[in-house]
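Chemist: Sequence:
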Amino acid sequence: MPRLLFVLAASLALTPLPGQASESALGKPYGLLIHDQGGAFFYHDGPRTNRPSCATQDRWVINVTTSAGQAMYAAVLTAVASGRKIAVHGSGACSFWGDTESVTSLQVFD
265 MPRLLFVLAA SLALTPLPGQ ASESALGKPY GLLIHDQGGA FFYHDGPRTN
315 RPSCATQDRW VINVTTSAGQ AMYAAVLTAV ASGRKIAVHG SGACSFWGDT
365 ESVTSLQVFD
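Just so we're aligned, residue 265 is where the sequence shown starts under my numbering, counting upward by one.
Please keep in mind that the hints were generated in silico from the structure rather than gathered at the bench.
Since we're looking at a predicted model, the values are computed, not measured.
A virtual CB, placed ideally from N, CA and C, is assigned to each residue, including glycine.
Please note that a few of the clues may not be correct.
[Unchecked claim] Quick list of the computed label-pair ranges, beta carbon to beta carbon: (1) Asp374 / Thr320: 18 to 24 Å; (2) Asp374 / Gln284: 18 to 24 Å; (3) Gln321 / Ala351: 15 to 21 Å.
[Unchecked claim] In silico SDA-like links for lysine to any residue, alpha-carbon gap of 25 Å or less: (4) Lys349 / Ala285; (5) Lys292 / Leu341; (6) Lys349 / Asn314; (7) Lys349 / Gly333; (8) Lys349 / Phe373; (9) Lys292 / Arg312; (10) Lys292 / Asn327; (11) Lys292 / Val372; (12) Lys349 / Thr368; (13) Lys292 / Gly303; (14) Lys349 / Asp374; (15) Lys292 / Gly302; (16) Lys292 / Thr368; (17) Lys292 / Gln371; (18) Lys292 / Arg323; (19) Lys292 / Ala345; (20) Lys292 / Lys349.
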């Protein structure tokens, strides 16, 4: 029984935890790219904190196959067209595209 508890505790200790979500300060989005698999990629010129290790590309992705993703991408397009800055909040994971952190929310500023 103690050996089983040790194995269980060791397994839990070695289980990877999800990365901390990254955030960006105010900056302008640029370099928009739409992929045929439903990803809208963009870069952001503001500073970024807590980027997960999976995000080897310094960009963000929005899944535009959902209505929430389409709304977020419309906000990015609005920011680009009007020269406004945005703040981006990531998921801490690269669930949609393996090397790019997924966006969970963003805010457009004047």
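Chemist: Next step is simple, just say for each hint if it's right about the structure.
Modeler: Okay, the hints, checked on the actual structure:
1. Asp374 / Thr320: 18 to 24 Å: violated, 33 Å
2. Asp374 / Gln284: 18 to 24 Å: Between Asp374 and Gln284, where Cβ atoms are some 29 Å apart, the hint is violated.
3. Gln321 / Ala351: 15 to 21 Å: holds, 19 Å
4. Lys349 / Ala285: holds, 20 Å
5. Lys292 / Leu341: holds, 11 Å
6. Lys349 / Asn314: holds, 20 Å
7. Lys349 / Gly333: Distance ~19 Å between Lys349 and Gly333 Cα, so the pair holds.
8. Lys349 / Phe373: Holds: Lys349 and Phe373 sit about 5 Å apart, inside 25 Å.
9. Lys292 / Arg312: holds, 12 Å
10. Lys292 / Asn327: Given that 25 Å is the threshold and the Cα spacing comes to 20 Å, the pair holds.
11. Lys292 / Val372: holds, 10 Å
12. Lys349 / Thr368: Distance ~17 Å between Lys349 and Thr368 Cα, so the pair holds.
13. Lys292 / Gly303: Holds - the C-alpha atoms of Gly303 and Lys292 are around 19 Å apart, at most 25 Å.
14. Lys349 / Asp374: holds, 7 Å
15. Lys292 / Gly302: With a Cα-Cα distance of about 22 Å, the restraint between Lys292 and Gly302 holds, given a limit of 25 Å.
16. Lys292 / Thr368: holds, 17 Å
17. Lys292 / Gln371: The hint holds at about 11 Å.
18. Lys292 / Arg323: holds, 12 Å
19. Lys292 / Ala345: Between Lys292 and Ala345 the Cα gap is close to 11 Å, so the pair holds against 25 Å.
20. Lys292 / Lys349: Satisfied, since the Cα-Cα distance of roughly 5 Å is no more than 25 Å.
Comparing the model with each numbered hint stated earlier shows that hints 1, 2 do not hold.
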